[in-house]
Amino acid sequence: MPRRVRIKDHWAEQRIFTLRGIAAGVIVGVLLLTVAARLFYLTVLKHEYYAELSQGNRVRTDPIPPSRGLILDRHGVVMAENLPAFQLELVRELVGGTPEITATLARLVTIGLLDAEDVGSIRRTILSHHVYESVPIKLQLNDEDMARFAVHRHEFTGVDIRARLSRHYPFGPMAVHALGYVAAISEQDLKRIDSDSYAGTSLIGKLGVEGAYESELHGTRGYREVLVNAAGRPVERQGAYTPKLATRQPIAGADLILSLDMRVQRAAEEALAGKRGAAIAIDPHSGDVIALASTPGFDPNAFARGLTTKQYDALQNDIDKPLINRALRGAYPPGSTVKPFFALAALRYGVMTPEQTIFCPGHFSLPGSSHLFRDWKPKGHGTVSMRHAIQQSCDVYFYTVANRLGIDRMHDFMTTFGFGELTGIDIPGEKPGLMPSTEWKRHAYKRPAEQVWFPGETISVGIGQGYMLATPMQLAHAVSGIASRGQIFKPRLVTGVRPAGSAAVTQRPVEPEAPLTAVTADQWSVIVEGMELATGPGGTAAAATAGSPYKIAGKTGSAQVFTIGQNEKYNEKQISERMLDHALFISFAPAEDPKLAVAVFVENGKHGGSTAAPIARKIFDAFLLPDKPRSGT
Amino acid sequence: MIFDEFSPSRTRRTLTAGGRTLRALGLDGPLTGVLAIIVCIGILVVYSASGQNLKMVEHHLANIAIAVAALLALARLATPQYLRLFAPIAYVIGILLLIVVAVTGHIGKGAQRWLDIGFIRFQPSEIMKLAVPMMCAWYMHERPLPPTFKDLVAMGIMIAVPTGMIVLQPDLGTALLIAASGLIVMLLAGMQFRIVLISLPLLAGAAWGAWHFIHDYQRQRILTFLNPETDPLGAGYHIIQSQIAIGSGGIFGKGYMNGSQAQLEFLPERSTDFIFAVIGEEFGLLGQLLILTLYGVVIGRALYLAMQGQDTFSRLTGGAIALSFFVYVFVNSGMVSGILPVVGVPLPMISYGGTSMVTLLAGFGILMSLHSHRKLIGS
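Chains A and B are the protein sequences, given in the same order.
Residue numbers for the first sequence follow our numbering, beginning at 1 and rising by one.
Residue numbers for the second sequence follow our numbering, beginning at 1 and rising by one.
Treat the hints as calculated values from the structure; they're not laboratory data.
Predicted model, so just to flag it, every value in this text is computed and none were measured.
Any given hint might turn out to be false.
Unchecked claim - For lysine-lysine, the following DSSO-like pairs were computed, each having C-alpha atoms within a straight-line distance of at most 30 Å:
(1) B/Lys150 with A/Lys8
(2) A/Lys606 with A/Lys431
(3) A/Lys8 with A/Lys191
(4) A/Lys606 with A/Lys595
(5) A/Lys8 with B/Lys55
(6) A/Lys431 with A/Lys321
Here chain A stands alone, though its shape is the one from the complex:
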């Protein structure tokens, strides 16, 4: 305790200091060892953990998108390829949150790079991607777009121009309904695809071959490890040392070899130009689709470039429905084109012999009924046998056939030709049409009174009217069955797949359907002869086939247009034009050794013989006379 008098004792003070100093030295040593122990813990015991964190910090994996497989026609003509293009891309995490993205998109609208009405869907697409992904917001920039963005570039962070491969269709709208198209990956697409394998890819196949064979065409993405700094920017090196970074090259998608023949396809589309319709040509011995046309079409390049909402709405609301694939999705009454099939059914079930004649007074009525079913020729065809009934398309003859067969036998027989069922062609969107039966009607209607099949309904189906509906594809598929005399193949567009970097094409096997064995060779001949007569003098399609060096067997048809949408507004001229009958023609050639089966359908084309048959003729000419200039008939 404090003493009264304290004097300085130097020795004692030095001792105090020395002791304290030594104690301090010991504490210093202990604390330094503590730090050293902590460092040992971090660098030795937890080294693996921190080494991994540090690796994750600095290396970013950038995806390298694969280049999409090419699409070639049967002769190797390129129908879809990839060309370098510039596009505008946005990286969410560099832009910021949703308000910043909205502001950025608004500024892009201001400088004229985006349309105001597209902003909503673009923003949704951006938000459905990971924050670090580069999302394309405008595809295939033209020079003007590039210049415009270059001027304002400094105002944007997280938005930049990137060079990518884009899809290009050298023939534009040609065969678009067979090929399909590619378009920007939408929100819905993201839900069904593995977004990791699509990292860096901006386009995905929609419809047609592009859609159906997406997994073959897409390929496998590669990656490139990139050194990044803390701001996420790629840098070349770190300090004095350039580290080894892994790269895996992408594997390009497989090339597809189509059954289409561009020459025939072009002939079909040129012949259909200006009309609404469809034409399908099938090799009856393999099911290969040689041509598949649906007009009007559209330019798939516009989708690969990216359509604005306005452009898309214009296509969608076009009165001619260019986006509809009429070949697969247009279910129409097949009209008289069904007659050869019902004739065959009559022979098959023995309700008619080839030479048996029917007198056609120009109308038909069921026993005990006063309702008249009229022939297209009011005066009647007189006495007709089966061959001539096909040649002249006598309705009364086929009313009689239908009456004798009954709807259920008609249904069963037509089903073996694929009516009322999907043909199974290897592209999506097909409709099954309708082949009615008593059972169908029982299920189709709710009220018992409506579920009854009336005999009169059978009569209408006999000439391809009434409830019956068929797509142009079904007609082509069915007529190929007559051409091959009972051996139908499942139609296909893709015949072979060529993996990237390989010269060898893996052929897809043809798929024969169950053969029709119940029909004899003689019976087939009767039908084919009738169809040959139809294209000869006195036949319904005589004019269209005149002067051809090969023989065409065919059958015309015209189908009444029963309904017009009550809410659609047409002008007077359009109403009358769109009320006209649909024109159809099914055929194959050469008749004696068929190489090609063709079905043509023209909406409101009036007569099969005058409108549809000449189109088929041009298709046959292009296929069968490849070296001669196409017939101008």
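Given the coordinates of chain A, assemble chain B onto it according to the supplied hints.
Only chain B this time, still in chain A's reference frame:
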């Protein structure tokens, strides 16, 4: 007592040329050598940590030049008598400058710390790092040791006034270091351990009070230190990235200029407060242990020199300089390795930044001067 001026000529024959030069300059050989090694390592590390920024290295060299000049000048000229005379003056000037800073201080990083006098910017709080322990040592010099309770209260006030002003700047880190340097003097002077024990609850109370007094960001730093993962991109970022740098360096390191954390700027403050993590990342555990060993040698040698002091002022000042240096080393390495909160203390003599370098080398200049200007006691 009879004091004889220490005569260099007496030992001339037993010394080498280098040794003679050191004597003539008033330097201590071992201490000067180790300090030089540390400073040279620092230059190399700053070059790497700055991202090979030669401008920064030049600036660093300029700072070193000023600091070495200060060391040489003090070692040669600052005799214990001068220092004793100057200690209270420096303390008063320091207090005045702190007042000036508080009133007109240049705003830097939201805190008023810097004083701008035309050609030079410096923090008056740096003066206090030396002035406070010297003031305490000056106060105890004529008084008998161990200090009485009255002495302790007096020194407590001498420490509390500048510390409080610096806390208000606000610069908690520096304030704690200055308080520590004053406390070191009190402890070395022989403050009774039971007083330490009694004051611990008082300190706890003071800490509780301070918690409500300090700025939000300081409070956040302490909370983040306790659990860095709660805020990985905010305040916890420093601690996490620094531990990743050290841990990923392993035993041997990634190699000079190859630390990805530092070179790619994941490590914040890489050339200043967190430079120890760069050493860990690029030179590994071995590099860090080498640095700690060198620091250990410096502290040991400095304590040894202080113990040889002939009067209370010399011993207490020297001891405070040696142990303050240790506190800086411990606080920085502890913060970088994650055992102490982030308080913004540079790594002594390695971190880029002039003020701390000058203060530290000036301190060692004083320490060596106190030692070389000893008077031989006639025995």
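Verification of the supplied hints:
{"no.": "1", "hint": "B/Lys150 with A/Lys8", "result": "holds, 17 Å"}
{"no.": "2", "hint": "A/Lys606 with A/Lys431", "result": "holds, 24 Å"}
{"no.": "3", "hint": "A/Lys8 with A/Lys191", "result": "violated, 88 Å"}
{"no.": "4", "hint": "A/Lys606 with A/Lys595", "result": "holds, 28 Å"}
{"no.": "5", "hint": "A/Lys8 with B/Lys55", "result": "violated, 54 Å"}
{"no.": "6", "hint": "A/Lys431 with A/Lys321", "result": "holds, 16 Å"}
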